[in-house]
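Student: Listed here are the chains, written in short residue letters.
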Amino acid sequence: MARIFAYILHKGGVPDDTAAELPAAARRIDPGGPVTAIVTGWDANLDKLCESLTGTYPEIWKIAKEPLAHPNAELVRQALASVLPAGSILLVPHAHFGVDLSPGLSIKMNTPYVPDVVDIEGMEGTWLKAVRQELGGQVSVHVRSNLATGAVLNIRPGAFRPADRVLGGGRVVDKSAEVGTLTARRRYLETIAAETGDVDITKEPVLISIGRGIGEQENVAIAEDLAEAMGAAVSCSRPVVDARWMDKSRQVGSSGHTVRPKVYLACGISGSFQHLAGIKGSPFIVAINKNPKAPIFRVAEVGIVDDMLEFLPALASRVREETSAPGKERRRS
Amino acid sequence: MEILVCAKRVPDTAENEIQINRAGTDIERDDLVYSVNEPDNYAVEEALQIAARTGGKVTVVTVGGEEDEEVLRREMAMGAARGVLISDDAFQGSDGRGIAAILKAYVESEHYDLILTGVQADDGCAQVGGMLAAMLDYPFASLVTSIEVLDGRKLKIGQEIEGGSKEISAIDLPCVLSIQTGINEPRYVGMRGIRQVASVPIPTLGAADLGVAPDAAGEAAAKVKRVDYFVPPAGQGAEMLQGSREEIVEKLMDLLKAKGGLN
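In order, the protein sequence lines correspond to chains S and H.
The first sequence begins at 1 in this note's numbering and counts up by one.
The second sequence begins at 1 in this note's numbering and counts up by one.
It is worth saying that the hints were derived from the structure and are not from the lab.
Beta carbons: idealized from backbone N, C-alpha and C, even for Gly.
Any given hint might turn out to be false.
Heads up, incomplete: computed chain S residues facing chain H, CB under 10 Å, no partners named [unchecked claim]:
{"hint": "1", "residue": "K11"}
{"hint": "2", "residue": "G12"}
{"hint": "3", "residue": "R27"}
{"hint": "4", "residue": "P34"}
{"hint": "5", "residue": "D116"}
{"hint": "6", "residue": "V166"}
{"hint": "7", "residue": "L167"}
{"hint": "8", "residue": "E218"}
{"hint": "9", "residue": "A232"}
Cross-link-like lysine-lysine pairs, in silico, DSS-like; alpha carbons within 27 Å at most [claimed, not checked]:
{"hint": "10", "chain 1": "H", "residue 1": "K156", "chain 2": "S", "residue 2": "K262"}
{"hint": "11", "chain 1": "S", "residue 1": "K290", "chain 2": "S", "residue 2": "K280"}
{"hint": "12", "chain 1": "S", "residue 1": "K175", "chain 2": "S", "residue 2": "K108"}
{"hint": "13", "chain 1": "H", "residue 1": "K156", "chain 2": "S", "residue 2": "K290"}
{"hint": "14", "chain 1": "H", "residue 1": "K257", "chain 2": "S", "residue 2": "K108"}
{"hint": "15", "chain 1": "S", "residue 1": "K280", "chain 2": "H", "residue 2": "K154"}
{"hint": "16", "chain 1": "S", "residue 1": "K65", "chain 2": "H", "residue 2": "K225"}
{"hint": "17", "chain 1": "H", "residue 1": "K156", "chain 2": "S", "residue 2": "K293"}
{"hint": "18", "chain 1": "S", "residue 1": "K248", "chain 2": "H", "residue 2": "K156"}
{"hint": "19", "chain 1": "S", "residue 1": "K290", "chain 2": "H", "residue 2": "K259"}
{"hint": "20", "chain 1": "S", "residue 1": "K108", "chain 2": "H", "residue 2": "K251"}
{"hint": "21", "chain 1": "S", "residue 1": "K262", "chain 2": "H", "residue 2": "K223"}
{"hint": "22", "chain 1": "S", "residue 1": "K248", "chain 2": "H", "residue 2": "K166"}
{"hint": "23", "chain 1": "S", "residue 1": "K280", "chain 2": "H", "residue 2": "K166"}
{"hint": "24", "chain 1": "S", "residue 1": "K108", "chain 2": "H", "residue 2": "K223"}
{"hint": "25", "chain 1": "H", "residue 1": "K154", "chain 2": "S", "residue 2": "K108"}
{"hint": "26", "chain 1": "H", "residue 1": "K166", "chain 2": "S", "residue 2": "K129"}
{"hint": "27", "chain 1": "H", "residue 1": "K251", "chain 2": "S", "residue 2": "K262"}
{"hint": "28", "chain 1": "H", "residue 1": "K156", "chain 2": "S", "residue 2": "K11"}
{"hint": "29", "chain 1": "S", "residue 1": "K129", "chain 2": "S", "residue 2": "K293"}
{"hint": "30", "chain 1": "H", "residue 1": "K223", "chain 2": "S", "residue 2": "K129"}
{"hint": "31", "chain 1": "S", "residue 1": "K203", "chain 2": "H", "residue 2": "K259"}
{"hint": "32", "chain 1": "H", "residue 1": "K156", "chain 2": "S", "residue 2": "K203"}
{"hint": "33", "chain 1": "S", "residue 1": "K280", "chain 2": "H", "residue 2": "K259"}
{"hint": "34", "chain 1": "S", "residue 1": "K280", "chain 2": "H", "residue 2": "K223"}
{"hint": "35", "chain 1": "H", "residue 1": "K166", "chain 2": "S", "residue 2": "K203"}
{"hint": "36", "chain 1": "S", "residue 1": "K11", "chain 2": "H", "residue 2": "K166"}
{"hint": "37", "chain 1": "S", "residue 1": "K65", "chain 2": "H", "residue 2": "K154"}
{"hint": "38", "chain 1": "H", "residue 1": "K259", "chain 2": "S", "residue 2": "K65"}
{"hint": "39", "chain 1": "H", "residue 1": "K57", "chain 2": "S", "residue 2": "K293"}
{"hint": "40", "chain 1": "S", "residue 1": "K62", "chain 2": "S", "residue 2": "K108"}
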């Protein structure tokens, strides 16, 4: 069995959640084999970071180079291609950085690339049998790939549960000297932080969240009216921001905000994994969607198959009946 | 600047309820509504805006069959000067790597300063742009949400990263960029626009025209193969509220009260 490596995403000296998930994916490929972590970077936190992984990985390869101070996929590709032995299987989280890094890396290493793996059924000889999703998560697909010459596998964040057991005693190996001069034709300049809007959706206990099903800009008022009746705030999924119907500061998802409400009404939202990645803290999710096959129904507690444009006004007027009863007042608009 | 945009015709998930065929070998394609992969429209719009500022023209290419011509015509109606259809029986069953190899051969037969793709298509792989760049040895950036032309040799780009932040980089030309939705507002295409380009000839290129080796594309070359399609497991699955709309509203009211949804 080829050696399996896990690329560690990290920020501010802290490993990403996926650092604990990749070994679980690796065990589905090679149940007994060791998994080696690869960490790239350049700052005082890097050693502390490597140390923090010794409970999860028996071996951690550290690549400390000044040009890697900022994770530039072009440079990380060069670094990985110089240290990974031929035939290696590399696991990478399928998040923004992994999408940037991996397709090109698989060409550089001349190996198969399987993106966005959500499950691994196991190996048949050297053939991997894995599960992917297509058409925005509406269908699943079994795929096969021969890993005899190695592979780059991008693993969906959150798809594999970290093991409970802690190994301990992992050792850090400095591989920096094996990486030669790194030259970039794409040079990092700066990071522009996300804008904050008039409403901080990350602090709202109840969110009325709208997706493509809202249809047109004028209909946003329907959601705003329900939010007013319920004392909630309106958030949205990516297509609503793309269409310029709501501000980017209202977007829930891996490219927007991570929210932790108590109650989340997903209205006309199909439920892509990028959107679901922005909902934390196990809220009570109610999904309202015309399409009974929408993936959102697989994660919601309660589902309603209806046209949100008709259902939301009906709900709003019923909420108003209740809250206009004596002694009750709407919290705010 | 000469700009190439790689586009794909895909089932429109907003217009279709996707069903899997009985054998599980594919989705039911008979009554599907197809459209241009949404991010590709943003890529074409971005290309047109850059060409308007810098001069040069926009070419749209797709790998597929005769039915994919409609995608090229739509993007030509947006303003692309040229559409190119790459089609060959030998390309059937190509995986993403095969498509990238075909596009590489095409790019090398022409001269382009900038190559754009949509960030991902119906298969959710988000791979062809990055592979194409590596095959051409061009720099690459994914999830691009802004492009500014600095001079003839480089661009200043913004890339989407986690949490809604944006990373700014300079990138040398020629390069490949994968374009994220929301980067611009793609222009509207009416029937009239489509009619105007209906008779513009679209060249069709095959494996021999491009010099694509038989082991570089097609089913035999695919390193990742689909086995079958299936309906994703429901997990816990939602409790579906049944009844008239009024009844459902009543049930939901009780649930919302219990869960702290009414303030």
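Student: Each hint: holds or not?
Tutor: Hints and how they fare:
1. Because the smallest distance between the Cβ of K11 (chain S) and any Cβ of chain H comes to about 9 Å, under 10 Å, the interface hint for this residue holds.
2. Given hint, G12 (chain S) at the interface with chain H, is violated; its Cβ is 13 Å from that chain's nearest Cβ, farther than 10 Å.
3. Taking 10 Å as the C-beta cut-off, the interface hint given for R27 (chain S) is violated, the closest approach to chain H being about 20 Å.
4. Violation of the interface hint for P34 (chain S) is found here, the shortest Cβ-Cβ separation to chain H being roughly 26 Å, above the 10 Å cut-off.
5. With a cut of 10 Å, the hint placing D116 (chain S) at the interface with chain H holds, because the nearest CB-to-CB distance is about 6 Å.
6. With its C-beta approaching chain H no nearer than about 27 Å, V166 (chain S) sits outside the 10 Å limit, and its interface hint is violated.
7. Because the smallest distance between the Cβ of L167 (chain S) and any Cβ of chain H comes to about 28 Å, over 10 Å, the interface hint for this residue is violated.
8. Using the Cβ-Cβ criterion of 10 Å, the hint placing E218 (chain S) at the interface with chain H is not satisfied: the shortest such distance is roughly 17 Å.
9. For A232 (chain S), the interface hint holds, the least distance from its beta-carbon to any beta-carbon of chain H being 7 Å, beneath 10 Å.
10. A C-alpha spacing of about 41 Å is found between K156 (chain H) and K262 (chain S), which places the hinted pair above 27 Å, so the restraint is violated.
11. Straight-line distance between C-alpha atoms of K290 (chain S) and K280 (chain S) comes to about 25 Å, which keeps the hinted pair within the 27 Å bound.
12. For the given pair, K175 (chain S) sits about 19 Å from K108 (chain S) by alpha-carbon distance, which is consistent with the 27 Å threshold.
13. Of the supplied pair hints, the one linking K156 (chain H) and K290 (chain S) is violated, its CA atoms being roughly 41 Å apart against a limit of 27 Å.
14. A threshold of 27 Å between alpha carbons decides the hint, and for K257 (chain H) with K108 (chain S) the separation of about 56 Å lies outside it, so the pair is violated.
15. Of the supplied pair hints, the one linking K280 (chain S) and K154 (chain H) is violated, its CA atoms being roughly 40 Å apart against a limit of 27 Å.
16. Between K65 (chain S) and K225 (chain H) the alpha-carbon distance is near 38 Å, which puts this suggested pair outside the 27 Å criterion.
17. With a CA separation close to 41 Å, the supplied pair K156 (chain H) and K293 (chain S) exceeds the 27 Å bound.
18. With a CA separation close to 22 Å, the supplied pair K248 (chain S) and K156 (chain H) stays within the 27 Å bound.
19. At most 27 Å may separate the alpha-carbon atoms for a hinted pair to count; K290 (chain S) and K259 (chain H) meet this at roughly 24 Å.
20. Taking the CA atoms of K108 (chain S) and K251 (chain H), the gap is about 56 Å. The hint is violated against a cut of 27 Å.
21. Distance restraint check for K262 (chain S) and K223 (chain H): the Cα-Cα separation of roughly 45 Å exceeds the 27 Å cut-off, and the hinted pair is therefore not satisfied.
22. Annotation: proposed proximity of K248 (chain S) to K166 (chain H) holds, straight-line Cα distance about 12 Å (limit 27 Å).
23. The hinted pair formed by K280 (chain S) and K166 (chain H) meets the criterion: a straight-line CA distance of about 22 Å does not exceed 27 Å.
24. Our distance criterion of 27 Å between C-alpha atoms is met by K108 (chain S) and K223 (chain H), whose separation comes to about 15 Å.
25. Annotation: proposed proximity of K154 (chain H) to K108 (chain S) holds, straight-line Cα distance about 24 Å (limit 27 Å).
26. Between K166 (chain H) and K129 (chain S), the direct Cα distance comes to roughly 36 Å. Violation of the 27 Å bound is thereby established for this hinted pair.
27. This hinted pair checks out: K251 (chain H) and K262 (chain S) have alpha carbons roughly 18 Å apart, not beyond 27 Å.
28. Restraint check for K156 (chain H) and K11 (chain S): the C-alpha separation of about 24 Å stays at or below 27 Å, so the hint holds.
29. Taking the CA atoms of K129 (chain S) and K293 (chain S), the gap is near 25 Å; set against the 27 Å cutoff, the hint holds.
30. For the suggested pair K223 (chain H) and K129 (chain S), the alpha carbons sit about 13 Å apart, so the restraint of at most 27 Å is met.
31. Restraint check: the Cα-Cα separation between K203 (chain S) and K259 (chain H) comes to about 17 Å, which is no more than 27 Å; the hinted pair holds.
32. Only pairs whose Cα atoms come within 27 Å are accepted, and K156 (chain H) paired with K203 (chain S) is rejected, the gap being roughly 34 Å.
33. Under the criterion of a C-alpha separation no larger than 27 Å, the hint pairing K280 (chain S) with K259 (chain H) is consistent with the structure, at around 16 Å.
34. With a CA separation close to 36 Å, the supplied pair K280 (chain S) and K223 (chain H) exceeds the 27 Å bound.
35. With a CA separation close to 22 Å, the supplied pair K166 (chain H) and K203 (chain S) stays within the 27 Å bound.
36. The suggested pairing of K11 (chain S) with K166 (chain H) holds, with an alpha-carbon distance near 15 Å, which does not exceed 27 Å.
37. For a cut-off of 27 Å, the pair hint linking K65 (chain S) to K154 (chain H) stands: about 25 Å separates their Cα positions.
38. Distance check on the hinted pair: K259 (chain H) and K65 (chain S) sit about 51 Å apart at the alpha-carbon level, beyond 27 Å; violated.
39. Proximity of K57 (chain H) to K293 (chain S) is assessed by CA-CA distance (about 42 Å); at most 27 Å being required, the pair is judged violated.
40. Distance check on the hinted pair: K62 (chain S) and K108 (chain S) sit about 21 Å apart at the alpha-carbon level, within 27 Å; holds.
Checked against the numbered hints given earlier, the structure breaks hints 2, 3, 4, 6, 7, 8, 10, 13, 14, 15, 16, 17, 20, 21, 26, 32, 34, 38 and 39 and satisfies all the rest.
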